[in-house]
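All chains should be built: construct the whole structure from the sequences, respecting the hints.
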Amino acid sequence: MRSACVMAEERRQKQCSVVLPTESMKAMAESVGVGQLQEDSCVALSEEVSYRIKEIAQDALKFMHHGKRRKLTTSDIDHALKLKNVEPLYGFQSQEFIPFRFASGGGRELHFYEEKEVDLSDIINTPLPRVPLDVSLKAHWLSIDGVQPSIPENPPPATKEQQKKESTEPLKAVKPGQEEEGSIQAKGQSATSAEVKGKEKLRMKPRSTHELSVEQQLYYKEITEACVGSCEAKRAEALQSIATDPGLYQMLPRFSTFISEGVRVNVVQNNLALLIYLMRMVKALMDNPTLYLEKYLHELLPAVVTCIVSKQLCLRPDVDNHWALRDFAARLMAQSCKTFSTTTNNIQSRITKTFTKAWLDDKTQWTTRYGCIAGLSELGADVIKTLIIPRLAVEGARIKAVMEGPVVSNIDKIGADHVQSLLLKHCASVVAKMRPAPDVMEQYRADFGYLGPMLCSHVVKARAQAALQAQTVNRTTLTITQPRPSLSVSQSGGVGGSGGPRTPSIIKVPSSLTLMSTRPATPTQPSPPATKYIVMATSAGAASTQQVITLSSSQSGSPVTSTVPSGSTSLQPLVKLESGGGTVAGSRPLQKYIVVSLPSSSSSSSSLEHKGGTTATSPVTIETSVKSERSESPATHTHSPH
Amino acid sequence: MTRLAVSAPGEKMAAVQDGGSEPEGEKEPQPELPSDGSSAPAATPASKPEEQQQQQQQTLLAVLQFLKRNKLIESVDALRREAGLADEPDEAPGSEAGGGVGGAAAGSADSADASALLSRVAGAAQSGAASAPAKGGEDQPDVSVVLSAYSQQGDPSLYQVYYSGLKKFIESVLDCHRAELSQLFYPLFVHMYLELVYNNHESEAKAFFEKFSGDQECYYQDDLRVLSGLTKKEHMKGNETLLDFRTSKFVLRISRDSYQLLKRHLQERQNNQIWNIIQEHLYIDIFDGMPRSKSQIDSMSGSLAGEARREANKAKVFYGLLKEPEIEVPLDDEDEEAENEEGKPKKKKPKKDSMGSKSKKQDPNAPQQNRIPLPELKDSDKLDKIMYMKEATKRIRLGPETLPSICFYTFLNVYQGLTAVDFTDDSSLIAGGFADSTVRVWSVTPKKLRKVKSAADLSLIDKESDDVLERIMDEKTASESKILYGHSGPVYGVSFSPDRNYLLSSSEDGTVRLWSLQTFTCLVAYKGHNYPVWDTQFSPYGYYFVSGGHDRVARLWATDHYQPLRMFAGHLGDITCTRFHPNSNYVATGSADRTIRLWDVLNGHCVRVFTGHKGPIHSLAFSPNGKYLASGSTDGRVLLWDLGHGLMIGELKGHTDTVYALKFSRDGEILASGSMDNTVRLWDAFKAFDDVETDDFTAATGHIHLPDNSQELLLGTYLTKATPVIHLHFTRRNLLLAAGSYNSQ
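So the protein sequences, as listed, match chains A and B.
Under the working numbering, the first residue of the first sequence carries the number 1, and numbering increases by one thereafter.
Under the working numbering, the first residue of the second sequence carries the number 643, and numbering increases by one thereafter.
Hints were generated in silico from the structure; no laboratory data involved.
These figures come from a predicted structure and were not determined experimentally.
Don't take each hint at face value.
Ranges of calculated distance between the beta carbons of each label pair, as one might list FRET restraints [to be verified]:
#1 A:Ala-27 x B:Glu-852: 25 to 31 Å
#2 A:Ser-136 x B:Ile-928: 57 to 63 Å
#3 B:Ala-1097 x A:Ser-136: 29 to 35 Å
#4 B:Gln-863 x A:Val-34: 35 to 41 Å
The calculated lysine-lysine pairs, modelled on DSSO-like cross-linking and capped at a C-alpha distance of 30 Å, are [stated by the list, open to error]:
#5 A:Lys-84 x B:Lys-875
#6 A:Lys-84 x B:Lys-1095
#7 B:Lys-874 x A:Lys-82
#8 A:Lys-82 x B:Lys-1169
#9 B:Lys-874 x A:Lys-84
#10 B:Lys-1169 x A:Lys-138
#11 A:Lys-138 x B:Lys-1118
#12 B:Lys-1024 x B:Lys-1095
#13 A:Lys-82 x B:Lys-879
For each residue, glycine too, the CB sits at the ideal point set by N, CA and C.
Below, the structure written as structure tokens:
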């Protein structure tokens, strides 16, 4: 009966009268012990029931309207039933959803109410949920003398569409004013929607002045200083602000210029850290859903491209990890290609051309070469397939010349090494898809030259991993869709404003995992879901075991440590997150997270090594063959050289 | 749900029995159906010529009567001359017919003889009407019994033909008439459909609906949805909406020319089925003059029962304000201009006059001061009045150039549970009604809310002391907000008394509760509505309050009576909002039947019916001078009405969702509207009214051409992040306060 309810409502948008199928009647009759129900009675019943259900739904709508809601709730239905003197359905008080599950199979569709057996001791043992916050009243200015102040309580003054309109159709923005006057004179009968919009925009127009208010100027100053300053916590806050604040569009031209000028200057000065900060700003701007960036791509994109392909980005190319910056910028570029490329601006094809041209040039330095390849390969499998793989042999020869030939310079060697691993990383999965299964070393050598054998082993690994992934996906019903799993667990304590629920992350490590956070982020929202880490032990040979660690963001100040030792294999902990607040000698109050990863016994697993502080790291091998270890920002890969 | 299923057979049984109880309706016509008009029915007695003669005579009588009813005196005379009839025998049959229908009153008499007329004009083939003379030969009463609603049975398969025939005709008619005649589509469609359903032609009914439901105006969608579900006769039993549709006549306003055209067509085609429906279920209000345009018609139509009859809005409405009592403004309070004691009162007086210049000498449009007994002013009220006047002098004069500031009170953490909000007149308190049955009161000034001490403690207080009012309060209970528990269902309406001592709340549980804001306890639960009470409001002078709810009746109460003083019945749908006129003599109610009615508190009469909304009305606001009314509905439109003339004078389009809040600024210059679409909009009310006042009304015909100037009148749109606006209030200094609950999704 209950299942019928839902079905009727779902189909109610159809104008013509919809009647429940007679099978439902039979099913329900059986459920209350009436066996052989005549077909005629079924028909009669179903028509009657359908009608009554519609009646109740109509009454329920009334309650929704008077409840000043847009969503019909179960209580509305209850009240409607009460109106008809029918006993309401008890126990369906959920506010947010109707606890029906849908199942289909064999051409039958079914909505059912899932009733699980609940172990009472579980309920008793689970900690009490947070008490919901009490109703409170908050006042803010929606308008002051007819003008809406741009404060966080108010929506952004101009929506993305308006920004777009203003930038793409500057002529039309002027026109409506004239049109409007005309319409007043004519006292036109029909105000078209275009006119209406024009009018509204006319009203919006004065607000989008090109002068920034004092507050905005202060904000701009604070933000830019924080973004390129030395305090990481402040930077995180500033970037967060850029990525989420709705009212930034007036400052967008300034930000864009700031970034492009900043890149220009710092590339010349080889200031790697600043370049990284600027790229992170670009990322934050791109993350802000309220900004219409298209207008400023002409400034931002060259800056990003510079950070990908520039010959030199840092003072000591042999030591500093400018590769990570290139990777990061390349990812940014891929992202902007995805979001902004249109048939008119042709960003993707232009970018592709630029990269290819530079790459094909023999005199190109290894750094630029690396950037070009990174930029191209981030654009997707198709680009790799058509542009990179055909050139693997040529590139392999070039690498070979450096690696095995006379030692020209250390820098070249490092460069060649990076290019090689980059190529292998990106090509392996594509090649795995292109070529049929048996991977024969010789054949690879024949096809790809110097890189062949290495590629072959990579492809084998890629295949194994793909198979493993498919297996695990098939086995477990739990699917977490997350486009880019991240390892950035850097929660700088006390950063306000980050209200959103944290997304679950998937960390794949061959061994156990120790997570430790001294100061759990204080959630500003009532109850964010506990962060879930799904740890997959992918140690070679052993069947993949999976453990889920739930880090409940507890209110207590004590650190939460969840250690999940892996089964029998004796592998060292790979990733360890711990608070570095006490260990770092500096007096800075901010928290640092040190990600320590020790090379495991298995051959080519990822090995990351990062250290805080000022000690320079030895050349790191970032062999990010495991995709999930890719981090969101290059800062985790590198450290500032200050 | 199980209960529903069980109850179904019972309903059916009842329906079957019921069907049997009307044998005349269904069986009578059956034998007559095959008979053709040309030859006399086989069943009729042998005395054919006599019968026919009598029949003709009756036809003539009916024609005459019909013509008379429609005031076609000339035609009456002409016909009489031609037929050589005497003048007298016209009244009797009509009144008899009226009695026969029983309760349906004069209207059905009209229809009865008119249908009789047509059936005979057409050749007497049509079932119901023709059968009657065959049976008894003489009596009109039988005819009308047979014609009880929906029982006539034409050939069900012909309904589509009839309807499409009419459609074709109306589409082919001259443009100027087409719009007017198109009004017929909807009521005809509904009645024909219901007739089919009533007579158990389910499949034909469905086919009919499928074929023609798409032609109806879009604003009838909601009703059509209800109709589409209704496919069986027994469904009609409990459905009040449909019952209303059957019993009340759909009112159409058609110019005489168009009407003649229609009549001629129907007579030519002998389209009795349609003509019967028109006569029985429609009330055609014929006016002389130019046919109305499509937009004019559209602006007025949309209600459940058609437009308001013209005479419904003819009664005089005393919309003026009552004379303000003379209150001496204590001058010593005015510290700034202490030396200018002479000048002060003079300055003061004109100010006061400007607000109520009519109050000096009796406004001709104002009701008598004691038309409704009003409570006397207490000392505290006088103090409040003085405060009010002081504030009024500091009031900002609003206009298109000086828009008000808006302060938005957002209710947080309510999880969609906020259902009603009210501010006190002096803006010191906010009350919120919640879906969890609670009412909460907040103080928005630094002054906290305190309870009166308990009786034991009160007895200890020195009652002679000057600050006794201060002493009776219990300082320990001071808090910013108080919760009032008592209702057992969502609270849909809250209203503060003007003196801030009481609070009213109406709820789903069918009660209206009166709360004391001194003790924060419930004083009275007024039980009268047995169904959810959607809205309640205190009179601007206190003491009285009005409530309205699902039972379609608005009730007027006095706080010291546990039973209502007046019941205002007439709406065909839920009463969704209720408002007192500023002079407390009238009450406006908005309803789910898409009409607004104005009721006289003195005698309970309905003095105005306003149609034109296309959805349930969810907000009403009187202008401060009492002349105008603004109403907002689920379709997002705000309509403006002139109470004196009973006319629509403006339409404000802009909102995209239900308008839940409307408020005029203190001088009536600005109208603020708040909606589910998360916006507050400001409208130039002064201009809207001014445009109309300069035009003179074509009040004779009762329709005016509305300028489509919403965009010019819109002064500002203020979007909230995700907070539907459910209440608006202007402070005494014309600061706009808005309230709503934040919707996180």
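Against the structure, the hints come out as follows:
1. A:Ala-27 x B:Glu-852: 25 to 31 Å: 29 Å Cβ-Cβ, so the 25 to 31 Å window holds.
2. A:Ser-136 x B:Ile-928: 57 to 63 Å: holds, 60 Å
3. B:Ala-1097 x A:Ser-136: 29 to 35 Å: holds, 33 Å
4. B:Gln-863 x A:Val-34: 35 to 41 Å: Because 38 Å falls inside the window, the suggested range holds.
5. A:Lys-84 x B:Lys-875: Between Lys-84 (chain A) and Lys-875 (chain B) the Cα gap is close to 19 Å, so the pair holds against 30 Å.
6. A:Lys-84 x B:Lys-1095: Distance ~44 Å between Lys-84 (chain A) and Lys-1095 (chain B) Cα, so the pair is violated.
7. B:Lys-874 x A:Lys-82: holds, 24 Å
8. A:Lys-82 x B:Lys-1169: Holds, at about 17 Å.
9. B:Lys-874 x A:Lys-84: Judged against 30 Å, a Cα distance of about 19 Å means the pair holds.
10. B:Lys-1169 x A:Lys-138: Since the Cα atoms of Lys-1169 (chain B) and Lys-138 (chain A) sit roughly 35 Å apart, the hinted pair is violated (cutoff 30 Å).
11. A:Lys-138 x B:Lys-1118: holds, 25 Å
12. B:Lys-1024 x B:Lys-1095: Roughly 26 Å between the alpha carbons, so the hint for Lys-1024 (chain B) and Lys-1095 (chain B) holds.
13. A:Lys-82 x B:Lys-879: holds, 19 Å
The structure fails to meet hints 6 and 10 from the earlier list, while all remaining hints are met.
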